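Number of protein chains: 2
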Amino acid sequence: MKQPIFIVLAEGKLGIETSKTAVSSVRYLADRVAALIDSEHSGRTAQEVLGVGGGIPIVASLAQALRVSEPAPQALLVGVANRGGTIPPEHRPVLFEAVEAGLDIWCGLHERLADDGQLAARALERGVRLVDLREPPADLPVGTGLALQTAGFRVLTVGTDCNVGKMTASLETRRALTERGVKARFAGTGQSGIIVDGAGIPVDAVVSDFVSGATERITLEAAEGADVVLVEGQGSLFHPGYSAVTLGLLHGALPNAMILCWMPGRTRIYAGGYDWLEIPSPARAIEAYEEAMRWAAPQLDSRVIALSANTYDLAEDEARRFIEEAGRVTGLPSTDPVRFGAEPLAEAVEEARRAAD
Amino acid sequence: MKQPIFIVLAEGKLGIETSKTAVSSVRYLADRVAALIDSEHSGRTAQEVLGVGGGIPIVASLAQALRVSEPAPQALLVGVANRGGTIPPEHRPVLFEAVEAGLDIWCGLHERLADDGQLAARALERGVRLVDLREPPADLPVGTGLALQTAGFRVLTVGTDCNVGKMTASLETRRALTERGVKARFAGTGQSGIIVDGAGIPVDAVVSDFVSGATERITLEAAEGADVVLVEGQGSLFHPGYSAVTLGLLHGALPNAMILCWMPGRTRIYAGGYDWLEIPSPARAIEAYEEAMRWAAPQLDSRVIALSANTYDLAEDEARRFIEEAGRVTGLPSTDPVRFGAEPLAEAVEEARRAAD
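Chains as they are written, first to last, in this note's numbering: chain A, -17 to 339; chain B, -17 to 339.
Keep in mind the hints are simulated off the structure, nothing from the lab. Computed from a prediction, not measured in an experiment: that's the story for all the values here. Don't be surprised by glycine CBs; every beta carbon is placed ideally from N, CA and C. Heads up, none of these hints are tricks.
A short, non-exhaustive set of chain A residues, derived as facing chain B with CB atoms under 10 angstroms:
| id | residue |
| --- | --- |
| 1 | Gly67 |
| 2 | His92 |
| 3 | Thr126 |
| 4 | Gly127 |
| 5 | Ala187 |
| 6 | Val193 |
| 7 | His221 |
| 8 | Pro222 |
| 9 | Gly223 |
| 10 | Thr228 |
| 11 | Leu231 |
| 12 | Gly234 |
| 13 | Ala253 |
| 14 | Leu259 |
| 15 | Glu260 |
Given only the sequences and the hints, what does the whole structure look like? Please build it.
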């Protein structure tokens, strides 16, 4: 799947934590993003607001985006996600505008573009495509542990919470491993990862009986010819809303090793409504993930081998302090791969591979 | 939902472990089951083959079932389930026969009757209904811990494996509590439980992002006016194929207490393909479930309070030995609710409720 030139819709939401799909498209597909829409930040650049993306312009409307976009855009990407994955009603007119302008629409929400009869009819008339990225394949199996058969070393990113940088840690580790000459592949499991990589299955949209089977399949596909497969984790064992997806991923990918992602600056579980819960420390989370792996594959002795922090919201010295402290307490390599590089993660993977040989 | 008079199709599969839906309909809806179809056991009674169900006849074909059924049957219930939940191709002609005979068809498999265009068309012509029990509601939310708000005491059955008697333990505990005058309600989460109880959501057919939300909803509904809600568990944390469903149930139901179900006579994980895995001991499973509950709701201090064994395949003295030994090792009340009564389970629930007050 080749990505088109996008205009990315992030109205009212542009930010590292609030528009994951928009941010990851800017970070990993910068040359495919012609403009971002968010009237709150109109007139600024992606770099100024997100710290990444260089001169990609932020504009106030689709009309404006169409005027400034260079090269000519081919698709509108819905770059926001809300809990439950419905399409915000205020975006609907923008989708119609995009169709009129001859753009395809790409959307990774649970709610399907194709289920909007009027939009689908108009898209058909205009000859543009509605691409629902969160539509899983229809023929998924129940997981049976086939991932154990991959020749490559399986590494899953796991988290203390949702939205702490699991996809980014996987992609940055892939980059660092590739730079070392290791054949590292990425297995995308969520809408953003799938957009960035052009392949994958959105496991959180899969019927729950088939989550581990879906994960198994993408792990096997990505593993072909690879030395290392970096499987994108989802959710968190500690997040009551999404823990089912997380455990299905663990037991489908059956990783040889895990990288724990966390956000030192966050203290409450993401996306509200869980007042009684605190985010676990990295040490506590490591305990939980290693225990959950023992349930399904005790023989792997699968361990967390490194910590990946997301510190975008912290001053640099504070970020360094958190990262060093967590590394000291857990005895593991510790970094923020975006801010301080993914080398420690790549080195940890290489060391774990050597130890497993 | 009022259950019709059923003919239950269990061709080639009739048995305690191989046809859960058939067995539970016989056990809990005996007066709604007119006949069972399995040519291997034709001529015998349900009691003779399953140890339950009295004189319900087992016959070799639908034609024969229609002849012997008394009272007149109203629906054919597909009483077998295979991994992946597809409708076995050899059953398809029987489904058409049933439609011709004017019977509704009830089916709880993942594959939908309604998706078979020919069958659906013929059902329409004949004026009979195709009832797909595994169709979850369309408007499910992400879980947000609302189950914590129930006035009633929440008890979830959990298991060392799939298909070890979680539904039965829940229903038998409800019966024993009801006999004591406790307002106990059942929350069905799987096809068999939904058929037996006439309500519920098949959580394993729910998109994985919404498993805990679905569980939350049925827990809240069942809890209305109840002293105790017995939520039917699914799968097992130790089963790589289904653990996602299990954890979603734990974090949606957020039980005050758990009953651990196990099958002393079984040593390998159910439904094959997991050669590297052994079924955990009850003590090991208790550790895992209590840990998984601490992730989502540490303040509940949710504990396994009793053991429910399924010993149908063991001699009575052997069964008693396993049950007593497990009770001794774990320090918990221990029984086989079908064979030796559910009183110990009901008493454990009552004691836990008193302790929580």
